[in-house]
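Per our numbering, the very first residue in the sequence shown carries number 1; after that it's consecutive.
None of these hints come from the bench; they were simulated from the model.
In this text the structure is predicted, and so the values were computed from the model without any measurement.
We treat Cβ as the ideally placed atom computed from N, Cα and C, and that holds for glycine.
A hint or two may mislead.
[To be verified] Dumping the calculated SDA-like pairs for lysine to any residue here, alpha-carbon to alpha-carbon at most 20 Å:
#, residue 1, residue 2
1, Lys81, Asp36
2, Lys156, Gly114
3, Lys169, Lys156
4, Lys59, Ser21
5, Lys80, Asp90
6, Lys59, Leu107
7, Lys199, Lys81
8, Lys80, Val40
[What the hints assert, rightly or not] Here are the in silico distance ranges between beta carbons for each label pair:
#, residue 1, residue 2, range
9, Ser23, Pro95, 24 to 32 Å
10, Tyr9, Lys39, 30 to 38 Å
11, Gln50, Tyr19, 35 to 43 Å
12, Ser122, Ser17, 38 to 46 Å
13, Asn180, Lys80, 36 to 44 Å
14, Tyr9, Asp90, 40 to 48 Å
15, Gln57, Asp36, 26 to 34 Å
16, Glu14, Ile94, 15 to 23 Å
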Amino acid sequence: TAASTKNTYSLAVEIASPYISSSTQIERLSFPMTKDPEKVETAWIHNAKQIAVSLKQGKKAVFLTLGDPTTYSTFGYILKKMDCIMPEADIETIPGITSFHAASARLNRILVEGEESLLVTSGAYGGDRIRQINGVENVAIVKAYKNIKDINRALKETGLNNRCVSVSKCGRKNEQIIENLDILEKREPDYWTLILASK
């Protein structure tokens with residue numbers, strides 16, 4: 001399972017723990033929370049090699065992740081490295097529920113219908129991508145925690161602020177739903193914050 005280099009805690013392991021047998025060996029793989037491409041590349045290769053070692057020993061390995069492994073997941077980087085390091089590995093990707101699907105279900109909110117379009121984008125760099133889109137009626141913004149002020153401005157500028165809601169820690173005890181992004185701007189959003197917005 002993935003873990004930050006800052007600690008060994010894994011939310012994925014915590015959530016899955018009732019289904020993990022006590023005899024299962026859990027190995028936390030460290031991934032630096034940095035934009036330094038050299039550091040993350042080194043971590044991806046190192047961790048893929050660790051997985052390959054277990055597979056070569058005849059063990060089964062699971063890369064446990066939150067949400068869907070093919071959508072904004074560390075798993076994607078590991079999968080690519082595994083294809084290079086151990087192309088003969090029989091890898092099965094099991095789909096999960098994306099954060100934005102979980103949030104829309106939690107809110108009883110239709111994401112998209114009829115001939116509408118839906119853009120799924122990262123908010124890691126603020127509202128720039130939102131400003132560049134035309135003709136999109138609905139947006140799901142993941143990783144919205146860092147640049148909430150710029151994202152909020154971009155949604156207003158593009159008219160996507162008609163129906164905006166922020167969801168943090170969806171489905172957990174400390175879940176937060178905020179329907180006014182101006183309020184969210186005054187707080188420090190949680191890492192697990194996403195925004196659903198519509199015209």
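Quiz item: Is it true that the C-beta distance of Gln57 to Asp36 lies inside 26 to 34 Å, as the hint says?
Solution: 32 Å, holds
Quiz item: Does the Cβ distance between Ser23 and Pro95 fall inside 24 to 32 Å?
Solution: This hint holds: roughly 27 Å between Cβ atoms.
Quiz item: Within a Cα-Cα threshold of 20 Å, do Lys156 and Gly114 meet the stated pairing?
Solution: 24 Å, violated
Quiz item: Is Lys169 within 20 Å of Lys156, Cα to Cα?
Solution: Violated - the C-alpha atoms of Lys156 and Lys169 are around 24 Å apart, more than 20 Å.
Exercise. Take a quick look at whether Lys81 and Asp36 sit within 20 Å of each other, Cα to Cα.
Key: 18 Å, holds
Quiz item: Is the Cα-Cα distance between Lys80 and Val40 20 Å or less?
Solution: 13 Å, holds
Quiz item: If you check the beta carbons of Ser122 and Ser17, does the distance land in 38 to 46 Å?
Solution: Violated, since Ser122 and Ser17 (Cβ atoms, about 29 Å apart) do not stay within the stated range.
Quiz item: Cβ-Cβ distance between Gln50 and Tyr19: within 35 to 43 Å?
Solution: 23 Å, violated
Practice problem: Can you let me know if the beta-carbon spacing of Glu14 and Ile94 is within 15 to 23 Å? | Solution: Roughly 19 Å apart at Cβ, these two residues keep to the hinted range, so it holds.
Exercise. Would you check the hint for Lys80 and Asp90, treating anything up to 20 Å between C-alpha atoms as holding?
Key: 13 Å, holds
Self-check item: Hint consistency between Lys59 and Ser21 [alpha-carbon to alpha-carbon, up to 20 Å]
Solution: Roughly 15 Å separates the two Cα atoms, so the pair holds.
Exercise. Take the C-alpha atoms of Lys199 and Lys81, compute the straight-line distance between them, and say whether it is at most 20 Å.
Key: 40 Å, violated
The structure shown violates the earlier hints numbered 2, 3, 6, 7, 10, 11, 12 and 14.
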